[in-house]
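Chemist: So the chains spell out like this:
Protein chains: 2
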Amino acid sequence: MPGTLYGVGCGPGDPEQITIQAWKILQRVPVVAVPQGSQSDTSLAAQIIQPWLPPTTQILRLELAFRLDAQLTEQCWQQAIAQLVVPLQQGLDVAFVCEGDSSFYSTFGMLTRYLPSDIPRRWIPGVCSPCAAAAAVGMPLVQQQERLLVLPALYHLNQLAEACAGAEVVVLLKMARYYRDIWQWLQAQDLLATSYVVEWVGWPQQRIYADLRAYPDLCLSYFSLMVIRSSR
Amino acid sequence: MPGTLYGVGCGPGDPEQITIQAWKILQRVPVVAVPQGSQSDTSLAAQIIQPWLPPTTQILRLELAFRLDAQLTEQCWQQAIAQLVVPLQQGLDVAFVCEGDSSFYSTFGMLTRYLPSDIPRRWIPGVCSPCAAAAAVGMPLVQQQERLLVLPALYHLNQLAEACAGAEVVVLLKMARYYRDIWQWLQAQDLLATSYVVEWVGWPQQRIYADLRAYPDLCLSYFSLMVIRSSR
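Chains as they are written, first to last, in the numbering used here: chain S, 17 to 248; chain G, 17 to 248.
Be aware that a few hints might be false.
As the list claims (entries may be wrong) - So the derived list for chain S, only partly shown, Cβ under 8 Å to chain G, looks like this:
id, residue
1, V158
2, A230
3, L234
4, L236
Stated by the list, open to error - Only some residues are given here: those of chain S computed to face chain G with a beta carbon under 10 Å:
id, residue
5, P28
6, I97
7, A98
8, V101
9, A192
Since the hints were made in silico from the structure, they are not lab data.
Here the structure is a predicted model, which is why all the values come from computation and not from measurement.
Think of the CB as a built atom: it goes at the ideal place given N, C-alpha and C, for glycine as much as any other residue.
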């Protein structure tokens with residue numbers, strides 16, 4: 017009988033924002049798999065769970081980069097799967113750790129696509145970054161009749177106009193490199209005062225920029241998100 | 017010095033889906049405030065945290081109903097605030113517990129609006145129900161470039177058409193009473209096979225209806241959500 021692969025959402029950064037369910041799994045499994053992306057040298061998920069890991073846990077580092085060349089990406093993921101399958105086929109349970117929630121723009125979804133179908137898998141939810149960001153700022157993300165739209169990436173400002181027309185609250189992930197363009201658009205729409213950015217939510221280096229009127233230009237890290245409120 | 021009011025997200029149902037941060041606050045505060053809505057006799061949030069509460073914790077039950085009459089609602093909330101402020105003014109910390117996440121369609125947002133401004137407040141995030149539902153079903157809620165739209169309520173099927181035009185993944189909260197109409201619309205759009213409903217996510221009575229082609233009619237509880245995927 018193969019072991020079970022757990023996709024464990026570890027919350028966005030603060031080790032205490034992991035669930036008891038996730039914590040129990042990390043105490044129990046002999047192997048923890050951590051993703052190594054191209055964006056960072058050390059896995060963020062690995063840093064989040066570091067305080068909770070028993071010293072005997074085996075760490076399996078998986079390179080899960082997305083390359084421009086689809087074939088290279090495929091090769092890279094197949095290699096990671098080959099590594100992951102070894103302990104699972106030996107009957108050992110493995111926890112694959114994800115930042116935030118395991119079903120919210122997580123690599124675990126992609127990983128399970130490549131996983132041989134006879135390997136049982138379980139998804140363990142976690143706190144996702146927009147919820148943690150709103151909590152850090154100290155206001156509701158959404159309330160009552162407000163619609164919420166999450167845009168994982170932005171290719172054109174038209175998308176932002178459409179998004180704000182279709183939802184009272186819009187969350188932009190990975191917006192750091194377009195910040196200045198977005199700021200100008202928000203200024204034209206008179207939406208700066210009710211919008212905010214949280215950088216590194218839950219981490220010691222967390223920074224909050226609330227009421228964006230004062231910040232026409234920000235040099236933000238990749239791990240930043242913006243919340244735009246068009247209802248007041 | 018007044019005490020701090022914590023808005024504690026307790027996850028959608030499973031007591032183990034509470035964070036360590038939330039758990040620590042519940043261990044420490046002398047008073048826990050639980051909402052009593054008009055939808056249920058006993059507070060769901062109170063049931064979620066029940067296994068974690070020290071026997072000495074004082075429970076403060078607050079009636080936080082929404083009435084059709086705005087003045088009655090206002091009166092009801094002002095009365096709850098008056099109860100809540102007593103221990104806070106005595107310098108005691110109070111945890112107000114919320115199902116799911118404290119910033120995601122939670123009563124805590126409304127409560128803080130009425131709270132006297134000199135009372136410090138902190139938001140503690142939790143696992144929100146759409147993430148827990150996707151985990152229960154065992155698939156990504158959203159991945160890669162997919163946009164996510166959450167509709168907290170539905171007044172007309174046109175809204176659903178707009179929603180599905182603007183996002184690859186649409187989450188409908190509180191859709192139980194319109195299920196049959198939604199089902200017929202999804203059938204016409206050929207979206208039944210990739211849509212699912214989770215009722216009572218995280219609770220012992222949780223039920224999953226995946227691939228909705230088999231369920232033209234369902235008598236669902238109020239605590240149900242639907243995920244519609246228009247990308248495959």
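Chemist: Please name the hints from earlier in the document that this structure breaks, with their numbers sorted from lowest to highest.
Modeler: 2, 3, 4, 6, 7, 8 and 9
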